[in-house]
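J.: Chain residues, written in single-letter form:
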Amino acid sequence: MARKLAYWIAGMAIWLLMTWTVEYQSVIAGAVLSFIAALIFGKYLPLDPGKLLNPRRWFWLLIFMPVFAYQCFKANLDVALRVLAPGLRLNPGIVRIKTSLKSEIARTFLANSITLTPGTMTVEIKDDVLYIHWIDVKTDDSELAAKIIKGPFEKLLARIFD
Amino acid sequence: MIDSLGWVFIIGGVVFNMLGCLGLVRFPDLYNRMQAATKSVTLGTCGILFGIFLLSGFSALGIKALVCILFVLINLPVASHALSRGSLIFGIKMWHKTVKDDFSKDRGEKPAIEEDE
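Quick mapping for you: the protein sequence lines, in order, are chains P and F.
Under my numbering, the first residue of the first sequence carries the number -5, and numbering increases by one thereafter.
Under my numbering, the first residue of the second sequence carries the number 69, and numbering increases by one thereafter.
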């Protein structure tokens, strides 16, 4: 029930943002449509709705966003330099790392963040093991590799989602 | 002032998108190409959308651009993950200078790396 309510509110918020009007016909249509969507898909919401009300998690989400934007920008400069470098400065490989995150949504966000940070791309997740395609394998040691690849994300995501 | 900043973001985004396409041509195998396609295109597309937001401000168009940034950030990594996982399981080989392949090792298969030419 709480999941469906959270889904309804989120769907309504996205509807309002996308239409960007408070005309009553549009708002009513959005309320009805997101209610129907919430009835059908609400049970698939991967978040525990009780966690949504905790302001500390929202605070860490606010911290997470600039960190993520900076890492994402660094990733792009890195790949752009590799594209432009004469000869191919590549040393690729698939490495296995472990994560300590528990919930599925936190692992999903970790995988997405890893994909968008320098030279790494998540190929597969199995329980707490992630397989990462790394464009420049710097070390053979699994724990050191995990430390380099996960960067600051794992701690922040643990505070947001777990 | 804000208008010219918006144009800076749009031009920067186009440049990054172009670098991503160049990477698609230059990189040796599917997985490295996927890296170029995901990263440069993420920043490029987000830059263009953010430039549109700066140009049009808090209007219907600008807010749609901001929401689209969110969707791009969520969807691009998922798509690249699905494509690379699928092709790895299907058996597409990696470049011959690839260093290691833990994925095939853990599945008890030979590393999916091309033979040296």
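The set of hints was computed from the structure by calculation and includes no laboratory data.
There could be a bad hint or two in this list.
Below 27 Å or equal to it, Euclidean Cα-Cα: the simulated DSS-like pairs (lysine-lysine) are [said to hold, decoys possible]:
id, chain 1, residue 1, chain 2, residue 2
1, P, Lys68, P, Lys45
2, P, Lys92, F, Lys168
3, P, Lys120, F, Lys161
4, P, Lys45, P, Lys92
5, F, Lys132, P, Lys132
6, P, Lys(-2), P, Lys96
7, F, Lys132, P, Lys(-2)
8, P, Lys120, F, Lys132
9, P, Lys37, P, Lys68
10, F, Lys161, P, Lys132
11, P, Lys92, F, Lys178
12, P, Lys120, F, Lys168
13, P, Lys68, P, Lys149
14, F, Lys165, P, Lys141
15, P, Lys(-2), P, Lys68
16, F, Lys168, F, Lys178
17, P, Lys68, F, Lys168
18, F, Lys173, P, Lys68
19, P, Lys92, F, Lys161
20, F, Lys165, F, Lys178
Predicted model, so just to flag it, every value in this text is computed and none were measured.
J.: Hints first: check each against the structure and report whether it holds.
T.: Verification of the hints:
1. Restraint check for Lys68 of chain P and Lys45 of chain P: not satisfied, since their Cα atoms lie roughly 31 Å apart, outside the 27 Å limit.
2. Restraint check: the Cα-Cα separation between Lys92 of chain P and Lys168 of chain F comes to about 17 Å, which is no more than 27 Å; the hinted pair holds.
3. A C-alpha spacing of about 21 Å is found between Lys120 of chain P and Lys161 of chain F, which places the hinted pair at or below 27 Å, so the restraint holds.
4. As the CA atoms of Lys45 of chain P and Lys92 of chain P are separated by approximately 25 Å, the hinted pair is consistent with the 27 Å bound.
5. For the hint linking Lys132 of chain F to Lys132 of chain P, the alpha-carbon distance of about 40 Å lies beyond 27 Å, and the restraint is violated.
6. Between Lys(-2) of chain P and Lys96 of chain P the alpha-carbon distance is near 23 Å, which keeps this suggested pair within the 27 Å criterion.
7. Taking the CA atoms of Lys132 of chain F and Lys(-2) of chain P, the gap is near 25 Å; set against the 27 Å cutoff, the hint holds.
8. Under the criterion of a C-alpha separation no larger than 27 Å, the hint pairing Lys120 of chain P with Lys132 of chain F is inconsistent with the structure, at around 35 Å.
9. Among the hinted pairs, Lys37 of chain P with Lys68 of chain P is inconsistent with the structure: their alpha-carbon atoms are about 37 Å apart, more than 27 Å.
10. Our distance criterion of 27 Å between C-alpha atoms is met by Lys161 of chain F and Lys132 of chain P, whose separation comes to about 21 Å.
11. At roughly 22 Å between alpha-carbon atoms, Lys92 of chain P and Lys178 of chain F fall within 27 Å of each other, so this suggested pair holds.
12. Only pairs whose Cα atoms come within 27 Å are accepted, and Lys120 of chain P paired with Lys168 of chain F is accepted, the gap being roughly 19 Å.
13. Distance restraint check for Lys68 of chain P and Lys149 of chain P: the Cα-Cα separation of roughly 20 Å lies within the 27 Å cut-off, and the hinted pair is therefore satisfied.
14. With a C-alpha separation of about 24 Å, the suggested pairing of Lys165 of chain F with Lys141 of chain P holds against the 27 Å cut-off.
15. Taking the CA atoms of Lys(-2) of chain P and Lys68 of chain P, the gap is about 38 Å. The hint is violated against a cut of 27 Å.
16. A distance of roughly 11 Å separates the Cα atoms of Lys168 of chain F and Lys178 of chain F; the hinted pair therefore holds under the 27 Å criterion.
17. Under the criterion of a C-alpha separation no larger than 27 Å, the hint pairing Lys68 of chain P with Lys168 of chain F is consistent with the structure, at around 25 Å.
18. Of the supplied pair hints, the one linking Lys173 of chain F and Lys68 of chain P is violated, its CA atoms being roughly 31 Å apart against a limit of 27 Å.
19. Restraint check: the Cα-Cα separation between Lys92 of chain P and Lys161 of chain F comes to about 25 Å, which is no more than 27 Å; the hinted pair holds.
20. For the hint linking Lys165 of chain F to Lys178 of chain F, the alpha-carbon distance of about 16 Å falls within 27 Å, and the restraint holds.
The structure fails to meet hints 1, 5, 8, 9, 15 and 18 from the earlier list, while all remaining hints are met.
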